[in-house]
Amino acid sequence: MAVKILAENIWKTFQTAGGPIDAIKNFNLSVEEGKFVSIVGPSGCGKSTFLRILAGLVPATSGNLKIFPGKDLTKPLNSVVFQEYAIFPWRTVLDNVSFGPEMRGVGKKERRELALHWIDAVGLNKFIDCYPHQLSGGMKQRVSIARALANDPEVLLMDEPLGALDAQTRNVLQEELLKLWEATHKTVIYITHSIEEAVLLSDEVVLMTSHPGTNKINFDINIPRPRDLKITGTPEFARLTLVIWEVLRDEVIAAMEDQR
Amino acid sequence: MNKSNPKQYLITLASAFLIFNLVFLGFRLWYSLFLLGLLIDFIFIVMLAEEGSKFIAARHATKFERSLAIGFPILVLVGWELTVRAGILNPLWFPPPSKIAVALWQLIISYNQFTKTSLMGRPWLIPSMFEKQGWAGIATLAQESDLFGTLFRVVAGFILGFIPGIILGVVMGVSRSVRIMLNSILSAVYVLPKIMIFPIMMLMFADPFGEGPKIAVVAISAFFLVAINTMAGVAGVDNVYLEAGRNYGANRWQMFRHVIIPGALPVIFAGLRLALGTALIVVVSIEFIRAKTGVGYLTFYYWEIMDTPKMYAGLVLVMLIGVLLNEVLQWIETVTMPWQKGRSANS
Ligand SMILES: Nc1ncnc2c1ncn2[C@@H]1O[C@H](COP(=O)(O)OP(=O)(O)OP(=O)(O)O)[C@@H](O)[C@H]1O
Ligand SMILES: [Mg+2]
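Protein chains in written order, with our numbering: chain A, 75 to 334; chain B, 290 to 636.
Wrong hints could be hidden among the right ones.
Said to hold, decoys possible - DSS-like mimics (lysine-lysine), calculated; alpha carbons at most 27 Å apart, straight line:
#1 A:K145 / A:K109
#2 A:K145 / A:K183
#3 A:K182 / B:K296
#4 A:K200 / B:K630
#5 A:K253 / A:K109
#6 A:K99 / A:K145
No lab work stands behind these hints, which were simulated from the structure alone.
Construct the entire structure; sequences and hints are all you get.
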């Protein structure tokens, strides 16, 4: 498979009033086309920063970075599902989801159909004309996911998309994401705090060290697809999550010491 | 007082209220201790309303609140009327509401020979004036109207001021260097009472006593307020929306049209509301100083001839103008920002 995303020796230093802060230190990542890769690491280790660099929203201080375009050059390279949702309060659900196509000049009727399709996929049909302030946190996050999918990017960059949800909604949406991925086979970078979620969804889990973040270890997840929530009961799943947790625990403790 | 039995407590409270007022009346204390009596009565009424609300079923709560909102002002008006009639308040300073209403009505239907103005511009003359002089006749009537004069100055000045204000504010919000260059100038002008530029405007205009300088002062006051608020609104759009806009492929113009402007609109409208209030203050002040028509002029004129009911009528009129213009702005706001509906109670 062709390499889709390549990041080499990424450094990011923020200039702040209290002096420079290293957010990311020498981080490397290579993702093959059509893979679902999760990044897990302690809070503040630079996951969101890396995602923003990948998305081209923030420049890296140094390092090489490339997302390789596909055959269809009109397709957007990447779309971000932001940790803060970032859906526009001044647009209805429908207009939020069709935002990307609208900006690219897709006709009104066509983009409406597109948006309705993805709104249906995340189960918000009843709310197409609602404004974000009328929605719960989970519903907002679903709008954010639908907006990214409706944009049909080469690469999907998701920053803790289910982080703010209750356990039940989370489970439902995890299965939903599995289905969506089966249907699209997109290349996905997925940031999460939950090891279980990472193992359930991913082909590979990339572990970051505590702040300033760099590579710790990568784990291949060879659980066969298509998957559903039932695999969380298998011994292989339990083994993988435990192994990952053993490594992550030290980093989390280090991060907490660091922030004290 | 037995608080555990709310019904009994309410009755006790009501009787205390009654007895207090009877004592105050009986001993003619209202004449000497007017403010104290007012304060105690007010406290009684608040307590009665609070206690009374406990007996209102939840489904009638809004109805109860609405009747409080309407009932209390009526009570104040009635109390005012009665105290003046009883000779407690000086009617020269506080003419009773009934007299103010009559004065207002007289202003509406009459033409003042001395000032050569009328409040409404004598609308009943419109057909005959139109027949005789066409549109010019209607313009003559509008020119003698105090209400039209004030409204025209406020609205024209406001519109001429806020449009360039929004444009400059957006430029300042977007461009850091423009913001840095202009910020101190704007802050300095911001604190200046805008009426102070009126003499300068009179110097600059060919007709210092015409409408030009008046409207210019209103426009300039509105301009600065709107520019500063627009700048704050634009600069304050949450970075994550800018990132989302860019990430989803918005070009410069689209960012502007679909992200920055809607994101800044709530603050822009706050500025507009502020500017409208200031415009009204400025217009009335100018009409006090130098004008031949206008509600401010009318109020000042009736002070000079000591006709207090008509002075108060002027106050009522300015209030009505303020409320009316605010309502219009509010309506424009809900139309432009439908997503704000039912979001916050303060807007
Ligand atoms: N704009 C900024 N200016 C200065 N420092 C920043 C900025 N953005 C992030 N940082 C710092 O960079 C580090 C990494 O932040 P980042 O948001 O990427 O962490 P994260 O891994 O996403 O954390 P979380 O899991 O809590 O979302 C933090 O120490 C943060 O304080
Ligand atoms: Mg983050």
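Does K109 (chain A) sit within 27 Å of K145 (chain A), going by the straight-line distance between their CA atoms?
holds, 17 Å
Please verify whether K145 (chain A) and K183 (chain A) have alpha carbons no more than 27 Å apart.
holds, 26 Å
Does K296 (chain B) sit within 27 Å of K182 (chain A), going by the straight-line distance between their CA atoms?
violated, 63 Å
Pair hint K99 (chain A) and K145 (chain A), alpha-carbon separation not exceeding 27 Å
violated, 33 Å
Can you confirm whether the C-alpha distance between K253 (chain A) and K109 (chain A) stays at or below 27 Å?
Holds. K253 (chain A) to K109 (chain A) sits at ~14 Å (cutoff 27 Å).
Given the proposed pairing of K200 (chain A) with K630 (chain B), does the C-alpha separation stay at or below 27 Å?
holds, 19 Å
Hint violations for this structure: numbers 3 and 6, all remaining hints satisfied.
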